[in-house]
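Based on the hints, put chain B in the right spot on chain A.
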Amino acid sequence: MDFQIERNDIANAGTVSSLTKRHLKKRGLSRSFVKRVTIGVYEAEINVVIHSYGGTANLNIENDYVEIEFKDVGPGIECISTAMQEGFSTASPYAIENGFGAGMGLPNIKSVSDEMYLDSSEDGTTLRIRFYIKDEDYENKPINK
Amino acid sequence: MRINQLINNHSFTLLTNTPDDVLINNVVACDLLSHVMANADEGDVLITVLNNINVLGVASLLDLSLVIFSYNINVDDSIILKANELNIPLFKSNLTTAEVVYLLKEMDKTIE
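In the order they appear, the protein sequences are chains A and B. For the first sequence, the working numbering gives the first residue as 42, with consecutive numbering after it. For the second sequence, the working numbering gives the first residue as 396, with consecutive numbering after it.
Just chain A, with the same shape it has in the complex (with noise of 0.2 Å):
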């Protein structure tokens, strides 16, 4: 599934976690499971609104594991070690009336996710995140499981 985010658009911000949510329960999962990878995706969904000049989120569900990819167009994060540090934020004035901009979006992705993919440039910035389902994540196991 392949979602369009675009820059600023703070009335919208959560469309991508929202379904994501709503998938992830269809599929039987535990609520703590769609609570991790809930908090994950609306971060990174939330940095692109409010760092980014918009970009694209695409994601994989399988039996599993979840993965979702960020790709936005710049401009990029200037130094990722930096940006991972918990209370660091770069964000607008905008952004932050609007309650983000708190500088725990990265390290809140961190923590909830199995694996994290960063990259960055002028250009853009990929982030990639992959959480892994066990068993006992589901609460009603799929058929084909």
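Simulated from the structure, these hints should not be mistaken for laboratory data. For every residue, glycine included, the Cβ atom is placed at its ideal position computed from N, Cα and C. Mixed in with the good hints there might be a few duds.
[As the list claims (entries may be wrong)] Between beta-carbon pairs, the in silico distance windows are:
id, chain 1, residue 1, chain 2, residue 2, range
1, B, Asn489, A, Gly95, 39 to 49 Å
2, B, Asn479, A, Thr97, 30 to 40 Å
3, A, Lys175, B, Val444, 36 to 46 Å
4, B, His430, A, Lys67, 22 to 32 Å
5, A, Tyr106, B, Glu494, 43 to 53 Å
Frame of chain A; chain B shown alone:
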């Protein structure tokens, strides 16, 4: 604690349609949505001064029980309308955020 206890308390004003009398779990008081995402759980109350549609996004994603706007802040009609669509009860209070937390704890000693 249940939502009806808030409806019947003069410190709170219900802004949305009368909700089901659901159980309230715990309290999160915060104006930074990433902190709310990281720390709130299903059924929690969110106390905030953020008059912002994204509060509803977070409340919906986390299945929070309700939102209380403290400091008597003005809540936009568009937010109330959207909250009714999403079935997220909104309350408003003249109290400060700290006073709301204290009052909720007084009303329910099990709140941590």
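Report task. Starting from the range 30 to 40 Å, see whether the pair asparagine 479 (chain B) and threonine 97 (chain A) falls in it by beta-carbon distance. Result -> holds (32 Å)
- Okay, tyrosine 106 (chain A) versus glutamate 494 (chain B) on CB: inside 43 to 53 Å? Since the Cβ atoms of tyrosine 106 (chain A) and glutamate 494 (chain B) sit about 46 Å apart, the hinted range of 43 to 53 Å holds.
Open item on the list: Quick check on a hinted range of 39 to 49 Å for asparagine 489 (chain B) and glycine 95 (chain A), using CB atoms only.
Closed with: holds (41 Å)
ask   = Between lysine 175 (chain A) and valine 444 (chain B), is the Cβ distance one that fits in 36 to 46 Å?
value = holds (40 Å)
Between the beta carbons of histidine 430 (chain B) and lysine 67 (chain A), is the distance compatible with 22 to 32 Å?
holds (29 Å)
The structure agrees with every numbered hint stated previously.
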